[in-house]
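A.B. asks: Residue strings, one per chain:
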Amino acid sequence: MTAAIQLHGVTKRFLTPSGTVYTALRDLDMTIQPGEFCAVVGPTGCGKSTTLGLISGLEPPSDGLVEVYGKRVDGIADGIGYVFQSDAVFPWKTVLDNVAAGPRYRGVAQREARDRAREWIARVGLAGFEDRYPYQLSGGMRKRVALAQSLINSPRILLMDEPFSALDVQTRALMENELLGLWSASSASVVFVTHDLEEAISLSDRVFVITAGPGTVKSNYPVDLPRPRNVAEIRLQPHFLEIYEEIWKDLRDEVLVSYERQKRGAA
Amino acid sequence: MRHVDTQAATAPAASPRRNRARRYQLQVIGLRIVLAVVILGAWELGARVSDCNTPGGVCIVDKFFWSQPSDIAQKLWTWFTQGTDLGPIWDQVLVTMEETVGGFVVGSVLGIIFGVALGRNRLLADVLSPYIKGANAIPRVVVGALFAVSLGLDIKAKIATASVLVFFVVFFNAFQGVREVDRNLIANARILGANNRRLTTEIVIPSALSWIVASLHTSFGLALVGAVVGELFGATQGVGELIYLSKNLFDTAGVFAGMALLAAMALVAEALITALENRLIRWRPPVATETRI
Chain A
0 MTAAIQLHGV TKRFLTPSGT VYTALRDLDM TIQPGEFCAV VGPTGCGKST TLGLISGLEP
60 PSDGLVEVYG KRVDGIADGI GYVFQSDAVF PWKTVLDNVA AGPRYRGVAQ REARDRAREW
120 IARVGLAGFE DRYPYQLSGG MRKRVALAQS LINSPRILLM DEPFSALDVQ TRALMENELL
180 GLWSASSASV VFVTHDLEEA ISLSDRVFVI TAGPGTVKSN YPVDLPRPRN VAEIRLQPHF
240 LEIYEEIWKD LRDEVLVSYE RQKRGAA
Chain B
0 MRHVDTQAAT APAASPRRNR ARRYQLQVIG LRIVLAVVIL GAWELGARVS DCNTPGGVCI
60 VDKFFWSQPS DIAQKLWTWF TQGTDLGPIW DQVLVTMEET VGGFVVGSVL GIIFGVALGR
120 NRLLADVLSP YIKGANAIPR VVVGALFAVS LGLDIKAKIA TASVLVFFVV FFNAFQGVRE
180 VDRNLIANAR ILGANNRRLT TEIVIPSALS WIVASLHTSF GLALVGAVVG ELFGATQGVG
240 ELIYLSKNLF DTAGVFAGMA LLAAMALVAE ALITALENRL IRWRPPVATE TRI
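From first to last, the protein sequence lines stand for chains A and B.
According to numbering that gives the first Met the number 0, the first sequence is numbered sequentially starting from 0.
According to numbering that gives the first Met the number 0, the second sequence is numbered sequentially starting from 0.
Isolated chain B, as found in the complex:
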């Protein structure tokens, strides 16, 4: 009885707060839509009222160079309903996704293995560190050119390019994460009887995981860059190739449409990685999110 009473007493107090939180969220979503409408509308309007072909005409947004949202939407519609010059659009998205995910997985796994190994082994770290720093200093997208020659035009070259980009980010984070493991935790585990292998798998890696997972957010974006750059260096399929073709045809709507597709892919992947992060790092106190209640 008493329990029910307290619940009844707290319910009205909690609900206005919840209402306020919901109102705030609606407000955020509304403003986001307004922002998109304003920007796209200005772009569209600027392109429509412009007259860039007759000398002396008012030229605000030159459609030829900057396209316009309606054309881009039209282009996307055409791609999805009638396919692209390279074949069905889903095939292109799938190809780029495969390259990205492939590069992401290969680069992350290698980065974690090397990061943990070097973080745990002082000698290895001291020997290899100048080489790794040196390799990291090279603008790494250029290896895409190398791989395009050595590995050919298929998926291997793109995966290689993407994984090189991903590797260094994940590597440095894993390495740092291993180095930052609380010495007390290590001492405690050793006292409790953990051998070296257990120390690595049960203390060092879980501890470094929050660093590693944080780096995965950035590195997925880099994997996408690697895949697209790989396609630009030479490909027969993929969203990057689609952009490249559109560029060659001076079809800026196609370039923008390709960019929109890449952005959508990155957003979906970001959501997946966040879900993975929450699963892997359940033990961390929930961080204050942007919606405060």
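If we strip away everything but chain A, and leave its shape as in the complex, we get:
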């Protein structure tokens, strides 16, 4: 079986405005199977988001190879959905036109695109809000729009960059459960970047721990908790805590390294 996503020895360097080279990722290897829900955790600034940029094809790697379903990524890859950390829904489009944007861009006629958009809007629980503009919605509702906007294209791979980090705790748990529901109805592989280990474990099949920058995979842990899951309840299970403890030991060191560096940088 071909892996859904494969990164071989990927390095990503950026030129900073001051002219120095900054290495975000170094020699990173990662394999994600079709239909797998993977979480990527790591300290701030370890290149988690950069990884998503590489998989999506928004950014080319400086070194190494990125493959999606066995095909080398070269430009925006086909069948990718991307939910961004900050609001990336289009503020000048209504909810309906935001969700219909993907099909429209892919050449679907306006009427059909809108019909499909209505379906997805209902599926993410926003029926009745089709004509609103994003500024009229709450943060959680805007995330739902973003989810529908991505999922309407039936992506094979869904990339999520700390999508729920700006939400309050209750809304967040709600959205996490809904994401799991939507994901299980699809066959997409998910790469979910987060700095919240609890969120990572409760959602995913596998957790990748990334080292403090330059980032590389330190370890990966399978999460063998049963599905379907309720993210609010699963956190209380003893096995959840065992997994948490095991991964946290690994993650803690990296967080400390990153923290020390930041302190020194600030001093």
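Everything labelled a hint here was simulated from the structure, so no lab data went into it.
Glycine is no exception: its CB is placed at the ideal position from the N, C-alpha and C atoms.
A hint or two may mislead.
Stated by the list, open to error - What the simulated footprint calls covered on chain B by chain A, stretch by stretch (three residues with Cβ under 8 Å from a Cβ of chain A suffice, anywhere in the stretch; the number is not a length):
#1 105–117
#2 178–187
#3 273–283
Given the coordinates of chain A, work out where chain B should sit on it, guided by the hints.
C.D. replies: Frame of chain A, contents of chain B only:
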């Protein structure tokens, strides 16, 4: 039933607040009128009590140089009822309006096209930027003189002058607006499958629109300046020409009357542009206005 109850319960709470808001608005309007009466009254009174022709007389406001509100009103009345030296007043207003709107439209359209093109194309921007900055540094009203010679005394020269003034303002705003487009939105649109053309029309231009529309407020005023300056450089019709003629006749009431007309035109246009702005940028959260409730 319950719904009706809650409405009934909230109604009395809301109405004193609404009353207060209305009272405040009336107060604002009242004070505006008082301010106008005080200033115009002082001007009128100063001019009437002054005696500037006999040596040693008290001279506060010299009517000869500064006119007086009643004369200006008289002048406007005459213009509207009996016409001006150049013909019916409406013709003059219309001519100036045509020049202004023409210059405004031409300048805005060119400004938006160039602003978006340069904002989207790095090479073009880098090549052209010193020339544009240089052209912008010239006091641009002087091109009115050039156009008066090359394009003649009719409407073309005024439209050209006005559009040059408008162009740079709109251009810089459109350019900046395009440069400031949220990179996340661009990335999102690209992931969703937008090609370059769609990116420009559906993401970049709507995003830059709030910058562009904001610049239209200033640039309409500049278009009016361009049209009037164009008329001063040489014309046969228009409010600017009317002012110029009045000046030559030492008719300061005529100059003030022309200014009042221009101000009225600018205010009407401003209201139209605000309406346009609200229509174009419906998606923006309503901004807190001066009347807080």
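A.B. asks: None of the hints should be skipped; say for each whether it holds.
C.D. replies: How the hints compare with the structure:
1. 105–117: violated (count 0)
2. 178–187: holds (count 5)
3. 273–283: holds (count 4)
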